[in-house]
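S.K.: Single-letter residue listing:
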Amino acid sequence: MQLLETRGVGKIFGRVTALEQMDLVLNQGEVLGLVGQNGSGKSTLLKIIGGLVQPSSGEMLLHGKPVRLRSQSDATMHGIGMVHQEQSLVPNLTVAENIFLDKPNPAKAQGLYRWKQLYEAAAAQLRKIEVDIDPRAIVEDLRFAQRQQVELAKVLAVEDLVSHPPIILFDEPTSVLTPEEIRLLFRQIDRLRQSAAIVFVSHRLDEILHISDRAVVMTDGRKVADEPVSALNRESLYRLMVGRQRAIRAPRGIQSDEADPSKARLQVSGLSAGQQVRPATLSVAPGEILGLLGVQSSGAEEFCRALFGAEDNVQGKIKLNGAQISVPSPAAAVQAGIGYLPANRHVEGMLKGRTLVENMALTFGLDYGHRGILVNRRAERQVATEWIGRLKVKTRSADARIDDLSGGNQQKVVLGKWLLSRRLQLLLLDHPTRGLDPGARDDLFAVIRAEAAKGLSVIFIADTIGEVLDLSDRVIVMRDGTMSAEYNLNRGDAPSEEDLVRAMV
Amino acid sequence: MSHVQPATDPLVPAKPGFAERRAALRRGVPLAVLILLVGVSAIIAPGTLSPAALNGFISDAAPLMILVIGSTIPILTGSIDLSVAGIASITGVMLVVLAPIFGPWTCLVVVLLALLFGALQGWLHAWLQIPSFITTLGTLSMLSGLSLLLSNATAQPLPDSDPFINLLGDTSFDIPNTGFATLVLVAVLALVMRYTRIGRDLFALGAGERAALMSGVRNVRLRSFAFAISAGCAALAGLALVSVTQFSSPTLAGNLLLLSIVGVVLGGTAISGGVGGLWAGVIGGLITAWLRVATVLIGVKPTGQYIVFGVMALIAVFLTTDRTKIGIIK
Amino acid sequence: MKNMSPTTSARISAQQSDRSFALHARRWLQNLGPLGVLIVLLLVFEAARHNFLSAGNLAAIAEASAVPVILTTGLSFVILLGAIDLSMEGVMAASSMTLSLLCANDVNGNHWGIWGIAAAIGVGLAFGLVNGLLNTILRMPSLIVTLGTWFIGLGIASILFPSQVPTVQDHWVLSIASTHIAGLSLIVFVAIMLLVLFHLLLHYTHLGRMIFAVGGAEATLVMTGLPVPLFKLAAFIISGLMAGIAGVLLSARLGDGNANIGDGLLFPAVSACVLGGTLLSGGRGGVLPSAIGAVVLEVLNNGLIQIGAGPYVRNIISGAVILIVVAVSGLHLRRKLRVVK
Amino acid sequence: MTDQLHRLSRKFWQRSLSLAAILGLALPLSQIAVAPAKAAQKGSLIIGIDETASEYWAEYTQGAQDIANSLGAKLIVVTSNYQGSQLLAQLGAIFATGCDQCALATDPSSNAFVKAVVHRSAMAQVPIVTIWNRPENIHPWDTDPKYWVAHTSFDGVMSGYYQAQALCKALGGHGQIAAIEGVPSTPPAYQRIAGLKKALAECPGVTLLDTEVGDWQETKAQNITRTWIARYGSKLNGIFASNDAMARGAVAALREKNLNGKIPVTGSDGSKVALDMVKSGDMLVTVWNDPVLQGAVSIAIAHAAAVGDIDPAKLTHAQRDFYLKQEVVDKSNVDHFLDLKAHAPNYTYAELKADFWKDSAGELPVGANK
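Protein chains in written order, with our numbering: chain A, 1 to 505; chain B, 1001 to 1330; chain C, 2001 to 2341; chain D, 3001 to 3370.
There's no promise every hint is true.
[Claimed, not checked] Think about it this way: if two alpha-carbon atoms lie no more than 30 Å apart in a straight line, the pair counts; the simulated DSBU-like pairs of lysine-lysine are:
id: 1; chain 1: A; residue 1: K263; chain 2: A; residue 2: K454
id: 2; chain 1: D; residue 1: K3169; chain 2: B; residue 2: K1301
id: 3; chain 1: D; residue 1: K3197; chain 2: D; residue 2: K3279
id: 4; chain 1: D; residue 1: K3279; chain 2: B; residue 2: K1301
id: 5; chain 1: C; residue 1: K2336; chain 2: A; residue 2: K319
id: 6; chain 1: D; residue 1: K3042; chain 2: B; residue 2: K1301
id: 7; chain 1: B; residue 1: K1301; chain 2: D; residue 2: K3074
id: 8; chain 1: A; residue 1: K352; chain 2: C; residue 2: K2336
id: 9; chain 1: C; residue 1: K2336; chain 2: A; residue 2: K128
id: 10; chain 1: D; residue 1: K3169; chain 2: D; residue 2: K3220
id: 11; chain 1: D; residue 1: K3074; chain 2: D; residue 2: K3358
[As the list claims (entries may be wrong)] Pair by pair, the computed Cβ-Cβ distance ranges are:
id: 12; chain 1: B; residue 1: V1300; chain 2: A; residue 2: G389; range: 53 to 63 Å
id: 13; chain 1: B; residue 1: G1028; chain 2: A; residue 2: W115; range: 38 to 48 Å
id: 14; chain 1: D; residue 1: E3351; chain 2: C; residue 2: G2308; range: 43 to 53 Å
[What the hints assert, rightly or not] Reference listing, derived: stretches of chain A covered by chain C, where coverage requires no fewer than 3 residues with Cβ under 8 Å from a Cβ of chain C:
id: 15; stretch: 97-108
id: 16; stretch: 305-317
Honestly, the hints are just simulated from the structure, not real lab data.
From a predicted model like this one, the values you see are computed outputs, not experimental measurements.
Note that beta-carbon positions come from the ideal geometry of N, C-alpha and C, so glycine has one too.
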């Protein structure tokens, strides 16, 4: 039975077309797997269906009737729930309140909360997905994965809200879950399968093939395939998604010189940060690109942040070119020549409201000043403009505000902030391709390769295994805060994706 | 290859330079408000623009302007310094207390002490991560108690011989020296802000603190510096005040705190940080100083002065605040 | 995707419940912190002066705390948003003057009785409304908006001021202060009632919880489609309302209208909120913690008078206590990348 | 649609802002070109007061207004809100328009600003009479003597002395009292406490239990008194409040315990409320300082100097630095003062001119403002 249909739905953000002429049908009793590269428009499509974003064109039909969703709670009232990629919980409210945030409160009488009833109702929702979380807990006290489960419970509560079958959207829910949790999630999806329409987005093709009935592939805001899963396999799905066979890349021949640690660019011994990073030892050679792989809570990201001094309770020794960094802090790391491209660009990467030059000159502008004390704005401007050109940043001028750029170009500017340094030794890239289109991604990779060829060491955390294999000289897989596997691609270690996934989870 | 992708090329705006022009226009608003204000009062009360009147205005406005300029620096980082008026008041008291020990160098010592105190307070705020509002509220209370204690709550005459105070109280070319002192202060700070990384880092902290920290900006050091400057400016403002009064008093600067906050905001500096600057402080200080006398100039009845001041300040803030750069308004 | 052994899963679950217990305990301790400070202060002063904990002195502390508690109750709502309301001193001036001129008094022939009280409280409400509208509709920062309305409130009071202090002669108004139950004036009970009422509002109504939530994640609420400006407006109105009530109560206690009635109450109120754990960044604390903060300050003040500390030393000590308590209670929150403004 | 609205409003703002800027620029220019500067009205009287919402300052203004009316002159009132810097700035603004034969009678708001205010007035060649605040070591005859005509005040020491004497008498020479002080940096505050101590020295049976600062405020005095009642209980026999507002706060606190009228309270100023309380027995005494008289005399002297009716250089020290008379008000004579309050005499310049010092209580003694 057809529940929801989009007809010619499109979305334009400013001057970027995120989604074009999308026709999509969601049926009851069917799990729709939605795949596509980053920036292919999946998230936009999901947000439109979830009421977070208003389409620029086209219409949506719910049970055959046109519908306009003004907000998320509006969508909720129509029986549409969405599990977000970025969590949408209010941190200082209880689990129970968050579950019913966008829904009529089940425990309100004469305008007053009946907390006990509310907790019971929430507990019922949590029981439904078989998780053991106290509905009275404050969300910010929960671990990330637990919050994800609350988010799931919040969305699944939608099914009690409407008489007709609900529509549940999952925006990359599995990337942060443990296998056990993924299994629970799939059990939920299986339970819902008959009574709901489900959209499931994931980068993991195996999961798509495992759980979906039908797969839709998107590229550049357009639908390029819509086929039953039975007609697909991994290779065909990949080809549809990327548009080409996976390229086999030639090794670049730079090797980590483990025999002579004195020549190592970076030497880390016993580096740990609280619970998330267990003591780790590692060295990186000049010019080497080291890929780090791991699911969200594996500690890969935290390891990089600890290296940069951005985590609390950092223990262990970090030596750069043989000299130890005394107090781990971002300022000390920068001083020593370590750069970090953060995963959360908007909060940690860019200075909003400021120009490209101001953003790029912030950290290493003084490299071009007089004696490292006085600022030379002309020189800074010149070098920033030069990098804007080299990174192919699409902008009208170097004095445009960074907010006015698209995500990919913003990312290039943030990268430029580090690359314009004359003394950068090591660059940490934390999910650098998030929100980047394939073209921008290729530009980015090209620049990183070129810099590495000049001797810059790079540690790189990727969104997909493909990216890691594409760029790295060496791959380290992390799991539960420790390094679980290592492959030296240049020495002929060529792990299959299956090998890597096995090491990850 | 990216050049042949018009569909994903989002950065060719319909009107080139539109955003810049708008920003430039916005920056001009406070100045326009100031000119409008002065213009209107000049019509209502002719003679306000005579040289003698302007000189009087300069000498009255200088302490306030110095305070506003000083307060601007922490506010640029998104913090706020509520202790400025307290510091300005205690400056005079210290001058009297310390004069027997340091003789002609007392002014210098007092300003240095203020810088030190400000740095300490900034360090407390940034290192212990106590909100600046409450940190400086606490120190304000302590400062006022201390100045009452030190002065035994009385106004005392300054030592006659203090060379710096005498210089400040004097005039050059018939213009009060406090006016020149303000100019010198602005010039020095402007040079520091423009030609060292401090200025850039201050703005960065205000515009996006997390991003700034992750770019290697040294938060604790910078905040200590910002609060040191604001305290130092407050001490200078105190000196400018006592150069006029020739007396110290534990409550000398009184309500200048509120006026200085109004001044910072009126210049177009956002209270949330990252937007504004010294120039904004100068204009804002002038607007506030003018608002303070405008109620008298245009002949508002004394009972109405509070209301007129409040309403004019609100209107001016409405006009001068650039909301395009601020996301969530708290 | 391999299965986890049942023992591992049980272990994790056990860890979780341990953790959640520890979290609950920590939260309780944090909430009890200000209360602990209060008890320590009481004991210290009792040790220093033996009749400190006498019924008479405790009643004096209760009387002195009543109005600050009402003020912090209102202010807490705005601070929970992450905003601030500086206008209370002006609002109290306007409300006091309104009350004393509308109720039976010795200046004019008005005799509004209970409607005079309503009008004075209404003045507070109107101020809150204006503050809220300026903040939400015109998008001006609350700090500067309420700074402006502070002046306007003082201005209204000085325009209303007749040439002599208006003495309130209204029976209703005076009885608020003169009626005593169990040795405490009605004002104390009004304060307790308001405190409980607004505590319930904050914890048992949608509005209250949403005001709480705005301070936690405003953007999420906007995205969810909740009417965030209305919540903010309500918080400002509550704050104005409380200041209006405080103005009425203080006038009732003094028996006259006074434009300086609120002088020096704002900064202690803000300090009290922070002291109690209602953080200026919003979303933390509540009316009860703030009220405890207010009582702490009053105990400190009373105790320092009792042990004979001079007024100047009192300033220094209370400033230091505020700083130390806030610093110590915030120590566990310190993080490298935490943004504190 | 919202986008359009947005753009429209933005455009509107741009237009109106540029308009405002142009207007702002044009106005002063037109000013220079068209209108010749005209001075403030000749012979204006200027007074500086601390606040508007106060009975005391309203009456002071009334006294000055009487004189202005009798002269047919304009009265300009400047409010400092207790901020000397604000007073200076506002006086500057008034003098800026030029002031011929103007006269100023002001409270400089605190001792610290006296010299600056006097100097500012002298620069504008406006004769000035100061009230209340004068630092010990500067006098009208040694600081800008040509324009600082006189300083006048009420004798705080005597006021405190009278109050304490009354307390001593009421307590029958035996008991313990507590005192509430005003803002410590103002002369009346410490003078009145000094008077209190002077009287107690002559009345050894009465001791001073405690002194607290109430900053002249009712509410603070109320809290302080409440604390005292709790602390001292029946040991507290009387309360010395440095002004009537604080006395009223003390009485309000006493009333909460039904102690009003039982524990005597004294104040100073002679405000309407205090007179009523003296009549009702809640207060023992207050000291009558006549602000109407103060306003009339001080502005009249300044005006006299401005128009040349007096020559400051020829005045004696006692004429340039003097107290105005004050009287103790107790239950026996309160009706007289209540009547005076209701029907203040209408002062005229001509009448005062006959003898400006008719109501003087003598020269300020050396050390009065220490």
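S.K.: Hints numbered earlier in the text: which of these fail when held up against the supplied structure?
M.R.: Violated: hints 2, 4, 9 and 13.
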